[in-house]
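Visitor: So you can see what is in the structure, the chains are spelled out below.
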Amino acid sequence: DQQVKQNSPSLSVQEGRISILNCDYTNSMFDYFLWYKKYPAEGPTFLISISSIKDKNEDGRFTVFLNKSAKHLSLHIVPSQPGDSAVYFCAASGGNQFYFGTGTSLTVIP
Amino acid sequence: KAGVTQTPRYLIKTRGQQVTLSCSPISGHRSVSWYQQTPGQGLQFLFEYFSETQRNKGNFPGRFSGRQFSNSRSEMNVSTLELGDSALYLCASSLGTGLSDGYTFGSGTRLTVV
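Here the protein sequences line up with chains B and Z, keeping their order. Using the numbering used here, count along the first sequence one by one with no gaps and you end on 110. Using the numbering used here, count along the second sequence one by one with no gaps and you end on 114.
Hints are computed from structural coordinates only; laboratory data are not their basis. Note that the Cβ used here is the ideal one computed from N, Cα and C, for glycine as well. Fair warning: there could be bad hints in the mix.
Label-pair ranges, simulated between beta-carbon atoms [to be verified]:
(1) Z:P39 x B:R17: 24 to 30 Å
(2) Z:S51 x B:E15: 43 to 49 Å
(3) Z:L95 x B:S52: 19 to 25 Å
(4) Z:G84 x B:M29: 29 to 35 Å
(5) Z:G84 x B:A41: 39 to 45 Å
(6) Z:R15 x B:G60: 42 to 48 Å
(7) B:P9 x Z:R73: 31 to 37 Å
(8) Z:L11 x B:H72: 45 to 51 Å
(9) B:P79 x Z:F60: 36 to 42 Å
(10) Z:P61 x B:G16: 43 to 49 Å
(11) B:H76 x Z:P61: 25 to 31 Å
(12) Z:S22 x B:S12: 17 to 23 Å
Chain Z regions said to be covered by chain B (calculated; three or more residues, Cβ under 8 Å) [said to hold, decoys possible]:
(13) 17-30
(14) 102-112
The following block holds chain B by itself, in its conformation from the complex (with noise of 0.2 Å):
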């Protein structure tokens, strides 16, 4: 039972456009969503977060966005860059239980 669903699975964007990743949830007692990034061989890196009291984070090119009633966040990445080809994984959590979504790998063609 997948309960953090990635729909797309790739997703390709040109140098300096935007990137619009999107994630999905079917649990609403998720409290806290996160966005990691990760490059073949290696980890999984914290890219970005939100928690439910918000519906909007902002770090530098990356923005999170949060819609608790559609249960749907997405991130945007602004310009894209050729080094933000990798994976995206959404995760999210509520109380002790944590959750991955499948990924979306992201091809910034420059």
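Once you have looked at the hints, place chain Z on chain B.
Guide: Just chain Z, lined up with the frame of chain B:
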């Protein structure tokens, strides 16, 4: 500051064998969690240990087990290996429990079962 260290980085085992993977958390971190990553399945939670006690367990068969030592280092064991166990096994450590507590991943152990 040293990160999360997983050993070995790569491992090849034969079906039916057993394997033990090791994870050394960041100094001071007391929680260690294990994940299995396979193509199309993302990161599947295996279990979490905090202060030598298993706090959470994912939906994996009993062939998958783990433990945590008093120095917070953790080991994961898989017995009677199956071809489908081939995956990248990641561990993550944090100060406390939960994703908000400085959750940091290691580089993983790539297990291939032949």
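Visitor: Decide, hint by hint, whether the structure agrees.
Guide: Cross-check of the supplied hints:
1. Z:P39 x B:R17: 24 to 30 Å: Given range 24 to 30 Å: holds, Cβ gap about 27 Å.
2. Z:S51 x B:E15: 43 to 49 Å: At roughly 47 Å between Cβ atoms, E15 (chain B) and S51 (chain Z) fall inside 43 to 49 Å, so the hint holds.
3. Z:L95 x B:S52: 19 to 25 Å: holds, 21 Å
4. Z:G84 x B:M29: 29 to 35 Å: The hinted range 29 to 35 Å holds for G84 (chain Z) and M29 (chain B), with Cβ atoms some 31 Å apart.
5. Z:G84 x B:A41: 39 to 45 Å: violated, 22 Å
6. Z:R15 x B:G60: 42 to 48 Å: holds, 47 Å
7. B:P9 x Z:R73: 31 to 37 Å: With Cβ atoms ~35 Å apart, the hint holds.
8. Z:L11 x B:H72: 45 to 51 Å: At roughly 38 Å between Cβ atoms, H72 (chain B) and L11 (chain Z) fall outside 45 to 51 Å, so the hint is violated.
9. B:P79 x Z:F60: 36 to 42 Å: holds, 41 Å
10. Z:P61 x B:G16: 43 to 49 Å: holds, 47 Å
11. B:H76 x Z:P61: 25 to 31 Å: violated, 39 Å
12. Z:S22 x B:S12: 17 to 23 Å: Since the Cβ atoms of S22 (chain Z) and S12 (chain B) sit about 38 Å apart, the hinted range of 17 to 23 Å is violated.
13. 17-30: violated (count 0)
14. 102-112: Answer holds; 6 residues pass the 8 Å Cβ test.
Of the hints listed earlier, those the structure fails to meet are numbers 5, 8, 11, 12 and 13, in rising order.
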